[in-house]
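If you read the sequences in order, they're chains S and R.
Residue numbering for the first sequence follows my numbering, starting at 1 and increasing by one per position.
Residue numbering for the second sequence follows my numbering, starting at 329 and increasing by one per position.
The set of hints was computed from the structure by calculation and includes no laboratory data.
Be careful, since some hints might not be right.
When the alpha-carbon atoms are kept at most 25 Å apart in a straight line, the in silico SDA-like pairs for lysine to any residue are as follows [as the list claims (entries may be wrong)]:
#1 S:Lys183 with R:Glu534
#2 R:Lys492 with S:Asp12
#3 S:Lys183 with R:Val435
Estimated spans, in silico, between C-beta atoms of each pair [what the hints assert, rightly or not]:
#4 S:Glu268 with R:Ala486: 44 to 52 Å
#5 S:Ala70 with R:Arg626: 56 to 64 Å
#6 S:Ser269 with R:Asn553: 36 to 44 Å
#7 R:Asp336 with S:Arg271: 56 to 64 Å
#8 R:Asp336 with S:Arg23: 40 to 48 Å
#9 S:Leu6 with R:Ala383: 40 to 48 Å
#10 S:Gly9 with R:Thr338: 20 to 28 Å
#11 R:Leu507 with S:Gly235: 32 to 40 Å
Here are some of the chain R residues that sit facing chain S, going by a computed Cβ distance under 8 Å [stated by the list, open to error]:
#12 Trp408
#13 Asp448
#14 Gly515
Positions of the beta carbon are idealized from the N, C-alpha and C atoms, including for glycine.
There are 2 protein chains.
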Amino acid sequence: MKLATLRDGTPDGTLVVVSTDLRRAVKATSVAASLLAALESWDRSEPRLRDLAKALSGGPVSGELEFTQATVGPPLPRTWQWLDGSAFHSHGALMQRAFKHAPVDAVQTRPLMYQGGSDDFLGPRDDMPLPSEADGIDFEAELAVVVDRVGMGTSAAAALEHVKLVMLANDASLRSHALPEKKTGFGWIHAKPATSFSPVAVTPDELGPAWKDGRVHLPMRVSWNGRAFGHPHAGEMGFGFHELIAHAAYSRNLSAGTVIGSGTISNESYRTVGSACIAERRAIEIEDGGHAVTEYMRFGDRVRIEMLDANGNTLFGAIDQRMVPARR
Amino acid sequence: MKLATLRDGTPDGTLVVVSTDLRRAVKATSVAASLLAALESWDRSEPRLRDLAKALSGGPVSGELEFTQATVGPPLPRTWQWLDGSAFHSHGALMQRAFKHAPVDAVQTRPLMYQGGSDDFLGPRDDMPLPSEADGIDFEAELAVVVDRVGMGTSAAAALEHVKLVMLANDASLRSHALPEKKTGFGWIHAKPATSFSPVAVTPDELGPAWKDGRVHLPMRVSWNGRAFGHPHAGEMGFGFHELIAHAAYSRNLSAGTVIGSGTISNESYRTVGSACIAERRAIEIEDGGHAVTEYMRFGDRVRIEMLDANGNTLFGAIDQRMVPARR
Chain S
1 MKLATLRDGT
11 PDGTLVVVST
21 DLRRAVKATS
31 VAASLLAALE
41 SWDRSEPRLR
51 DLAKALSGGP
61 VSGELEFTQA
71 TVGPPLPRTW
81 QWLDGSAFHS
91 HGALMQRAFK
101 HAPVDAVQTR
111 PLMYQGGSDD
121 FLGPRDDMPL
131 PSEADGIDFE
141 AELAVVVDRV
151 GMGTSAAAAL
161 EHVKLVMLAN
171 DASLRSHALP
181 EKKTGFGWIH
191 AKPATSFSPV
201 AVTPDELGPA
211 WKDGRVHLPM
221 RVSWNGRAFG
231 HPHAGEMGFG
241 FHELIAHAAY
251 SRNLSAGTVI
261 GSGTISNESY
271 RTVGSACIAE
281 RRAIEIEDGG
291 HAVTEYMRFG
301 DRVRIEMLDA
311 NGNTLFGAID
321 QRMVPARR
Chain R
329 MKLATLRDGT
339 PDGTLVVVST
349 DLRRAVKATS
359 VAASLLAALE
369 SWDRSEPRLR
379 DLAKALSGGP
389 VSGELEFTQA
399 TVGPPLPRTW
409 QWLDGSAFHS
419 HGALMQRAFK
429 HAPVDAVQTR
439 PLMYQGGSDD
449 FLGPRDDMPL
459 PSEADGIDFE
469 AELAVVVDRV
479 GMGTSAAAAL
489 EHVKLVMLAN
499 DASLRSHALP
509 EKKTGFGWIH
519 AKPATSFSPV
529 AVTPDELGPA
539 WKDGRVHLPM
549 RVSWNGRAFG
559 HPHAGEMGFG
569 FHELIAHAAY
579 SRNLSAGTVI
589 GSGTISNESY
599 RTVGSACIAE
609 RRAIEIEDGG
619 HAVTEYMRFG
629 DRVRIEMLDA
639 NGNTLFGAID
649 QRMVPARR
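Looking at chain S on its own, in the form it has when it is part of the complex (with noise of 0.2 Å):
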């Protein structure tokens, strides 16, 4: 099953079942108000979902809608929690090397998680607005998580049923502010503007053999300008999605609708594969040459993300954006 949000005014928009072709949708209106107030009731709002998903793929149903990437909302326009991991060893291993920063005890036992912004995120296709582009403009390809509730304490084995949904992210970083705000130990305010996410969220068995170990064992596509940029394959990631949601969870509950990143995808094999983010390009170049060739983005830059099945089609749609100045 595969959802989206379509804007209407309000704040969290209008849940829509989407066809497994990104092409038709039907307005789900009769079963929730939003995504969020579906995740909220969860078990009595998914099977009835279902019958709409159900339905729409038999063929025509009443009301149905052309479903257009371009001006669908975020899955989730608002939530009340974002944490966000970096569950990929060899990204932060590179960029502790490249750029210095103090090693992490237990890094690979203990996940990194930061809270990011919830409250505004952005669609698909939206320009990002950002103060400055000497701020180090970075887009970060991730894969995120939505769950239902999990209460305080719940073990990572119990976790991965809690898992409801799965999206792409960019969530994008400002460069000259995050090794600041690292060393504050504070985690990262001026850093992290606003996620934004894939046109749908999908449920885990959309995704087949390929959802397995809490992880998505698919490569992630990442374009710049259009020119292709790197393809790391999530399947390396250093913890399941369930393990990081146990983490998350260890003093908290964590309410319905929380989405749990993975950080940027990034292999081993970075120097084949290519990267889901400049920093990590640029601290390979550091590691080769001295020094960073490649800049940040501009004002006027595009990002494309995507995930894309055995068969070559897309699972989420395209994230597919461009930084701007924000209006001040």
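Model the placement of chain R on the given structure of chain S, informed by the hints.
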């Protein structure tokens, strides 16, 4: 004007206007379904809430309720964003010296701020469920403000008018996790369980001349198991709330209902006024005698946090809560 939220089985509760002496209340459901909803349309809801407050102050009103701090929820049971500063310089400096934290650049000119969970706040008299006494359970007495929508790039000067409400907070910490998580640079997940808030949130005018320069110029009274622990003066805040808000809004919009915290209240004269968290007392003990004597909280321990006006009347009511083991 003083506002509170009664528990009614819904996630956001029922908004009430409370009398200045915290004895009487009247439901404001005719104005807004919840405090969060009121904040999302504050220009329209504020005058109508003030009408209710004025009627309540004039004598008995229809549908009047007895207000009881013992059962009230937090003013905002959940909201879209909770950003907590660390704006009392004496606290940071003392912690850094005693616990050998890495020094932070520009700490006098750039506020420290982390994002915490905002989906599951606790009421002022709720037990606080926590995983383990071994985690180093500490209270932190703070002030917090609630804003309406703040656009990206809002200046500190313009931010002051966005402060709509002021509350007290117990931003409890699990100290055994605080330093390891700080060292990652990613901020706090395990170290920050749910935050608790005072029985009422008040408009700044309720504070009279004590509200000045984006600060509350009154002492915070903290007691632990019935014994006075500290009464540091909140006017010594190194950054005003307007400066914290502007810092938060550099690269993001803040949704209406965003809560901004001051961090643990602390004074340079900590040896005479005491502290608003146990870690600070331990830091003083380390400075004095080389090692900490005071242990962190045990299950069953209580903390009480309150602020009185110049006449000795409670302004926000009291946070008075017990630490308890989480049910697993």
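**Study point:** Enumerated hints in conflict with the structure, sorted upward
**Key:** Violated hints: 1, 6; rest satisfied.
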